[in-house]
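Trainee: Between the sequences and the hints, there should be enough to build the whole structure, so can you do that?
Number of protein chains: 2
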Amino acid sequence: MTQPRFAPLPALPYYAVIFTNQLADPALGYAAMADRIFALAQAQPGYLGAETTRDASGLGITVSYWSDEASILAWKQVSEHLIAQKMGIESWYAHYALRVAKVERAYSGPQERSL
Amino acid sequence: MTQPRFAPLPALPYYAVIFTNQLADPALGYAAMADRIFALAQAQPGYLGAETTRDASGLGITVSYWSDEASILAWKQVSEHLIAQKMGIESWYAHYALRVAKVERAYSGPQERSL
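Chains as they are written, first to last, in the numbering used here: chain F, 71 to 185; chain H, 71 to 185.
None of these hints come from the bench; they were simulated from the model.
Take the hints with a grain of salt, since some may be wrong.
One copy or any two copies: either way a pair holds, since identical chains are not told apart in the list.
Mimicking EDC-like on lysine to aspartate or glutamate, the simulated pairs with C-alpha atoms at most 20 Å apart in a straight line are [stated by the list, open to error]: (1) Lys-146 - Glu-174; (2) Lys-172 - Glu-139; (3) Lys-156 - Asp-125; (4) Lys-172 - Asp-138; (5) Lys-146 - Glu-160; (6) Lys-172 - Asp-105; (7) Lys-156 - Asp-105; (8) Lys-172 - Glu-150; (9) Lys-146 - Asp-125; (10) Lys-146 - Asp-105; (11) Lys-156 - Asp-95; (12) Lys-172 - Glu-160.
Mentor: Written out as structure tokens, the structure is:
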């Protein structure tokens with residue numbers, strides 16, 4: 071794989087965009103656009119990392135991490151991303167939920183037990 | 071499936087526990103314990119819902135939603151959950167990251183475009 075599967079744990083606080091989505095079947099052109107959008111996100115100011123997975127039924131969760139809300143709002147307005155959002159709404163996603171949340175505590179393991 | 075795949079969108083703010091994990095191979099007994107722990111979580115005070123998915127490589131993301139931090143801390147200390155956490159650390163998870171975040175904005179679609 072080309073991406074690390076776990077995002078780093080930056081200094082707190084930072085922001086998470088939790089995007090849960092059920093792909094329609096078929097979702098033509100989705101994979102290529104998703105790769106492109108992921109590459110664009112990584113080049114955005116304030117991008118800290120992301121974690122993403124999807125099961126065989128097409129239920130996916132992508133959590134991207136950002137230094138602040140302004141970075142998230144700027145990313146939402148990137149033109150190529152706007153096109154992808156429109157295609158997602160119109161054809162790729164049977165349903166989705168998006169939540170923006172401020173990360174206040176974080177740890178990883180098995181090495182670290184807790185904070 | 072026995073669970074709704076999308077959690078509701080409760081009144082803001084509320085809390086998200088973002089748990090990203092890579093299962094070890096094999097992860098003996100994991101599925102049965104995960105079902106049991108999920109059922110327990112749903113009966114906890116402050117539980118609002120959860121979304122979970124895992125790909126074929128064993129990378130899973132589970133996001134559970136809670137009314138407040140006290141509910142999250144209480145859930146962390148439930149005895150059967152403590153046992154599961156110990157088994158996760160000692161054998162099931164090759165790696166994991168856990169983040170606690172305050173949800174400040176949320177919307178779903180395709181019906182809702184944005185908040």
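Trainee: Now look at each hint and say whether the structure bears it out.
Mentor: Checked hints:
no. : hint              : result
1   : Lys-146 - Glu-174 : between (23 Å within a copy, 16 Å between copies)
2   : Lys-172 - Glu-139 : both (9 Å within a copy, 13 Å between copies)
3   : Lys-156 - Asp-125 : neither (23 Å within a copy, 26 Å between copies)
4   : Lys-172 - Asp-138 : both (9 Å within a copy, 13 Å between copies)
5   : Lys-146 - Glu-160 : within (17 Å within a copy, 40 Å between copies)
6   : Lys-172 - Asp-105 : neither (26 Å within a copy, 28 Å between copies)
7   : Lys-156 - Asp-105 : within (16 Å within a copy, 36 Å between copies)
8   : Lys-172 - Glu-150 : neither (26 Å within a copy, 29 Å between copies)
9   : Lys-146 - Asp-125 : neither (25 Å within a copy, 26 Å between copies)
10  : Lys-146 - Asp-105 : within (16 Å within a copy, 36 Å between copies)
11  : Lys-156 - Asp-95  : within (17 Å within a copy, 39 Å between copies)
12  : Lys-172 - Glu-160 : neither (29 Å within a copy, 30 Å between copies)
When held up to the earlier numbered hints, the structure conflicts with 3, 6, 8, 9 and 12 and fits the remainder.
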